[in-house]
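Chains as they are written, first to last, in our numbering: chain A, 1 to 361; chain B, 1 to 295.
Fair warning: there could be bad hints in the mix.
Quick list of the computed label-pair ranges, beta carbon to beta carbon [what the hints assert, rightly or not]:
no.: 1; chain 1: B; residue 1: 94; chain 2: A; residue 2: 356; range: 50 to 58 Å
no.: 2; chain 1: B; residue 1: 103; chain 2: A; residue 2: 59; range: 27 to 35 Å
no.: 3; chain 1: B; residue 1: 185; chain 2: A; residue 2: 238; range: 33 to 41 Å
no.: 4; chain 1: A; residue 1: 180; chain 2: B; residue 2: 91; range: 42 to 50 Å
no.: 5; chain 1: A; residue 1: 197; chain 2: B; residue 2: 2; range: 52 to 60 Å
no.: 6; chain 1: B; residue 1: 229; chain 2: A; residue 2: 135; range: 34 to 42 Å
no.: 7; chain 1: A; residue 1: 185; chain 2: B; residue 2: 94; range: 37 to 45 Å
no.: 8; chain 1: B; residue 1: 91; chain 2: A; residue 2: 108; range: 30 to 38 Å
no.: 9; chain 1: A; residue 1: 135; chain 2: B; residue 2: 103; range: 38 to 46 Å
no.: 10; chain 1: B; residue 1: 185; chain 2: A; residue 2: 108; range: 26 to 34 Å
no.: 11; chain 1: B; residue 1: 185; chain 2: A; residue 2: 71; range: 26 to 34 Å
no.: 12; chain 1: B; residue 1: 94; chain 2: A; residue 2: 22; range: 34 to 42 Å
no.: 13; chain 1: A; residue 1: 170; chain 2: B; residue 2: 276; range: 50 to 58 Å
In the BS3-like style, the derived pairs of lysine-lysine whose C-alpha atoms are separated by at most 30 Å in a straight line are [to be verified]:
no.: 14; chain 1: B; residue 1: 153; chain 2: B; residue 2: 229
no.: 15; chain 1: B; residue 1: 35; chain 2: B; residue 2: 229
no.: 16; chain 1: A; residue 1: 61; chain 2: A; residue 2: 9
no.: 17; chain 1: B; residue 1: 65; chain 2: B; residue 2: 35
no.: 18; chain 1: B; residue 1: 98; chain 2: A; residue 2: 106
no.: 19; chain 1: B; residue 1: 100; chain 2: A; residue 2: 12
no.: 20; chain 1: B; residue 1: 239; chain 2: B; residue 2: 60
no.: 21; chain 1: B; residue 1: 98; chain 2: A; residue 2: 61
no.: 22; chain 1: A; residue 1: 106; chain 2: A; residue 2: 132
no.: 23; chain 1: A; residue 1: 132; chain 2: A; residue 2: 113
no.: 24; chain 1: A; residue 1: 131; chain 2: A; residue 2: 184
no.: 25; chain 1: A; residue 1: 115; chain 2: A; residue 2: 184
no.: 26; chain 1: B; residue 1: 100; chain 2: A; residue 2: 61
no.: 27; chain 1: B; residue 1: 239; chain 2: B; residue 2: 229
no.: 28; chain 1: A; residue 1: 12; chain 2: B; residue 2: 98
Everything labelled a hint here was simulated from the structure, so no lab data went into it. The beta carbon of each residue, even a glycine, is placed where N, CA and C say it ideally should be.
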Amino acid sequence: MSDTGVQLKDVKKSFSVVDVIRGVDMEIKRGQFAVFVGPSGCGKSTLLRMIAGLEDTSAGKILIGDRDVTDVDPADRGVAMVFQSYALYPHLSVFENMAFSLRLAKRPKAEVKEKVHEAAQVLQLTEQLDKKPAQLSGGQRQRVAIGRAIVRAPEVFLFDEPLSNLDAELRVQMRLELARLHLKLGATMIYVTHDQVEAMTLADVIFVLQGGYVQQSGAPLDLYEDPSNRFVAGFIGSPSMNFFNATVVARADGRLTARLDGQPDQSFDIAMTTALEPGTPVTLGIRPEHLVVSEGEGMRVTVDVAEELGGVSYQHGTLEGGEAVIFQQIGARHGMHGTVQTILPQTDRIFVFSREGDRIR
Amino acid sequence: MSTAKRRRRELRNAALMVGPFVLILLIFFLYPTYKVIALSFTDAPLIGEGEWIGLANYAKLLNDKLFYTSIWNNFYFVLLTVIPTTVIALLIALAVSKLKGRMQALILTLFFLPYVLPVSVVTLIWAWMLDFQFGILQPLIEAVTGKSVPVFKNPHWVMPMIAVVTIWWTNGFNVLLMIAGLRNIPTDLYEAAALDGATAWQRFWRVTWPLLWPVTALVLTLQLILQLKLFDQVYLLSKGGPFNSSYVVLMQMYREAFQLNNGGYASAIAMVLFLIIVIVSVLQFQLLRIGGRRK
Ligand SMILES: Nc1ncnc2c1ncn2[C@@H]1O[C@H](COP(=O)(O)OP(=O)(O)OP(=O)(O)O)[C@@H](O)[C@H]1O
Ligand SMILES: [Mg+2]
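In isolation and in its complexed conformation, chain A is listed as follows:
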């Protein structure tokens, strides 16, 4: 048995004339927790539904384990899906909801009972088995939806934004439970989310989708520390990365000096392997957490809004050239509103992108 969980080979999808997925290759190992992220409308749900078999695949191949399932019925793919809306059968009790697939398969009563009770135990639903979905709280409904998937013991679990209808506190709790569940079941899981934190905390591997392609995939921290283009850099990390237009003014052995277009008296010395000609326009990316307030020279930022979260504060402002800047500070009540602050980046944490958005290393 190979250790492939799910593999997509040049998968494409178009709805009549609109190409939504333009060519996606990915390999998810058996037992991995994969997360799809990307802006709204980029095709995350579509891709997930294609893996489930709920949408036809226009081109390419989908493999689950070693089987080519591109044209296989949803029920025979060995996948279970947890919908954002839960999709619980409103007329059936929690027990019957979880037992649905076993009933269809005409499994013996004793087995049905055992499997449902086992799943209910894991999800702390034993007390709720006789209730109808309408009598449950949001979190409980979510658990029933997951329970329905567990009972089927699928090779692959698919989740489409399963926590987005829950309030913040419950979301944190369910996130932890999902992580535990993954450890316990060891099954391959694919998870679609908008939420940065969910993606970073749950994922073994993140796939960033945009424009119908996988922009980058990798472990969460790899994407954070080494984004391969401007889109990924801006998408991973919260608040998102600052981008400044700059121009290369000098280069030396393994280094270059770039001057900010928005504040020409400020330039940075950055370690680079690629040699760029002086005069080349570039974009510098600096994360809010890598900007520090300095006493002397630096980027002058007029702060207009402060978001104080208690432990950290995010100061929003603009450079003299008008470019927006966010920088992070530890603690609260800095009283920077309306002032001009001088900030400097940690120079080893500056990313350089071409104006087209590609990373230059």
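Using the hints provided, position chain B with the ligands relative to the given structure of chain A.
Then chain B with the ligands, alone, in the frame of chain A:
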């Protein structure tokens, strides 16, 4: 402003707003109802006062052969229409809901079209189509039975044929209700069922049917009430004949009131029909609810 004063003003406004409706209800609904009940205990003609004769009208009704024939025909007609029309409406709705966009609207309109026709036009069309000599449906009947049949003059054919006409005429409305019910079932339930391994048939029995049940029950109940009130089609197509084989309760009431000038007796018939409709429909509704809960 004091609370008492505000309350008084609210009350006055409320009275002003419901007033017209209550008045109309009193004059055109409650008063006639009272009159019918009162009339049924008298020997009054259609117009004018009569003597109080207690339950004599009802006693007479119990010995009236035609009344039993009529009641029987009413229930026979219910049997011929209510469940068939519901099943047909469900099948059409299931088929139509598979269509997309404009095609769906077009087909739906076609099915709904007969419903907007007045009953006189409907009966005229069908009287032509089933005409013994020239009717375009006679060849079909001939193909099945071997000979032409004057359907509205044949005691075996008359009720089923009136049922067919009625179903054709009123089915569109039921289809509409069913479509609305089907649209209310979220598609992700079907997707979940498909992933759970349900075949098309299982999806219908385990998802569509139970979730559509409230609408089905509504259609059944509305149909029951409507079909018990059968009058127009019979009056226009067969006049209750042949040999009273399509006589129904409302026809008898009509005859007693407007042809024989027996206002009191007609009122008694109306009261009995009213009671039957109330009892049967409440009974059915309760039965359907229990059936729904068990699912
Ligand atoms: N059945 C369909 N017919 C036509 N276009 C569709 C259909 N389903 C999705 N699309 C289009 O495909 C694109 C991707 O949709 P999808 O639902 O996969 O986005 P998403 O990444 O899940 O977005 P979100 O994060 O908002 O859920 C959208 O532009 C959408 O309009
Ligand atoms: Mg989506």
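Would you mind confirming whether the straight-line C-alpha gap from residue 98 (chain B) to residue 106 (chain A) stays at or under 30 Å?
holds (29 Å)
Measuring from beta carbon to beta carbon, are residue 185 (chain B) and residue 71 (chain A) in 26 to 34 Å?
holds (27 Å)
Quickly compare the C-alpha distance for residue 100 (chain B) and residue 61 (chain A) to 30 Å and report which way the hint goes.
Holds, because 29 Å separates the two Cα atoms, which is no more than 30 Å.
Kindly confirm whether 37 to 45 Å is satisfied by the beta carbon distance between residue 185 (chain A) and residue 94 (chain B).
The hinted range 37 to 45 Å holds for residue 185 (chain A) and residue 94 (chain B), with Cβ atoms some 38 Å apart.
CB of residue 229 (chain B) to CB of residue 135 (chain A), is that within 34 to 42 Å?
holds (40 Å)
Would you say the C-beta atoms of residue 185 (chain B) and residue 238 (chain A) sit inside 33 to 41 Å of each other?
holds (38 Å)
Proposed proximity, residue 98 (chain B) with residue 12 (chain A) (alpha carbon, max 30 Å):
Holds, because 26 Å separates the two Cα atoms, which is no more than 30 Å.
Indicate whether the distance between the beta carbons of residue 185 (chain B) and residue 108 (chain A) respects the range 26 to 34 Å.
Holds, since residue 185 (chain B) and residue 108 (chain A) (Cβ atoms, about 30 Å apart) stay within the stated range.
Range hint compliance [Cβ, residue 94 (chain B) to residue 356 (chain A), 50 to 58 Å]:
holds (53 Å)
With a cut-off of 30 Å on the C-alpha distance, tell me whether residue 65 (chain B) and residue 35 (chain B) pass.
Holds, at about 26 Å.
Taking the Cβ atom of residue 135 (chain A) and the Cβ atom of residue 103 (chain B), is their distance within the range 38 to 46 Å?
Given about 40 Å between the Cβ atoms, the range holds.
Below or equal to 30 Å on CA atoms is what counts here, so check residue 132 (chain A) against residue 113 (chain A).
Answer holds: residue 132 (chain A) to residue 113 (chain A) is near 17 Å, not above 30 Å.
When each numbered hint is compared with the structure, no violation occurs for any of them.
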